[in-house]
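Counting in this note's numbering, the sequence shown runs from 793 upward without gaps.
Please keep in mind that the hints were generated in silico from the structure rather than gathered at the bench.
Watch out, some of these pointers could steer you wrong.
Under the rule of at most 16 Å between Cα atoms (straight-line distance), these lysine to aspartate or glutamate pairs were calculated in the EDC-like manner [to be verified]: (1) LYS924 x GLU937; (2) LYS924 x ASP897; (3) LYS924 x ASP939; (4) LYS924 x ASP894.
Simulated restraints on C-beta separations [stated by the list, open to error]: (5) ALA891 x GLY989: 28 to 38 Å; (6) ALA999 x PRO904: 33 to 43 Å; (7) SER859 x SER882: 16 to 26 Å; (8) THR997 x ALA891: 42 to 52 Å; (9) GLY1015 x GLY920: 41 to 51 Å.
Every value quoted in this text rests on a predicted model; they were computed, and no experiment measured them.
No residue lacks a Cβ here, since even glycine has one placed at the ideal position from N, Cα and C.
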Amino acid sequence: MGNNQRALFLSLVMHMKPHGKAPMSKSLSLIIVSLCLALAEHCQAQFHTNVITTPNSLVFNFSVDGSPQTSPTIQLTAGVTNILQINTASFHPVVIGTAPMDAIDLYSGASPQNISTGTISLNTPASGFPPKLYYTCSIHHFSGEIDLTGVVGPMPDPNQILSIQVGTNIVMTSTGTNTTWLLIPEFNSNLVGGIWGPVPNYTNTFANGTNTTVFNRLDPICGPNVFLRLRQQQN
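Build out the structure end to end from the sequences listed, making use of the hints.
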């Protein structure tokens, strides 16, 4: 199973009643927590997700994470599986290559290639990685840079979720982060075509090897069903 798939399995599935008026039942909560803990033991989440779009399909450039449509440089850490969420016009399919404006010299660690909708997993080694890659429209050959850097300092252990409490707010405890890395909870209500985003207004404290992450219920944002995952990011 690839790193991206393992990271996906880190997701916590919470079924919450609409509008945050009542917590879910204790029995359902226990079932979900047990399932999540069983899956989380095998997961790593030290990756980053970027969303590549073409808001104006007549402009031959990409937007990244809502940026101006200028094909900006994407900064990524090597040695993990990074995720590129693609949602471009059908005539602007994306490939990951080793040269700018080139749809022939494709990077072998990126899969799938040449898509306009879906997810590209970008696998790079921790050492000996190419310092630059390029995301390119395979038809019109406009492109942007992907700059790769190695991890500085010790990498934290993979996340393991210890508990989750659902009440008037959400309290998650987990292991994995150290004082030089951030832990970022992300949510998605549609795993097929949705986009992962950071949970708004969360707090995280790290003490004695344990993270405690607290945030408001997400019912008002995405309804009764939501998927959660944890991402570690270097400061």
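We went through each hint and held it up to the structure:
1. LYS924 x GLU937: Satisfied, since the Cα-Cα distance of roughly 7 Å is no more than 16 Å.
2. LYS924 x ASP897: Between LYS924 and ASP897 the Cα gap is close to 13 Å, so the pair holds against 16 Å.
3. LYS924 x ASP939: The given pair, whose Cα atoms are some 5 Å apart, holds under the 16 Å limit.
4. LYS924 x ASP894: Distance of about 13 Å is within 16 Å: holds.
5. ALA891 x GLY989: 28 to 38 Å: For GLY989 against ALA891, whose Cβ atoms are near 32 Å apart, the range 28 to 38 Å holds.
6. ALA999 x PRO904: 33 to 43 Å: Cβ of ALA999 to Cβ of PRO904: about 42 Å, so the range 33 to 43 Å holds.
7. SER859 x SER882: 16 to 26 Å: 21 Å, holds
8. THR997 x ALA891: 42 to 52 Å: Cβ of THR997 to Cβ of ALA891: about 45 Å, so the range 42 to 52 Å holds.
9. GLY1015 x GLY920: 41 to 51 Å: The hint (41 to 51 Å, Cβ to Cβ) holds, given that GLY1015 and GLY920 are roughly 45 Å apart.
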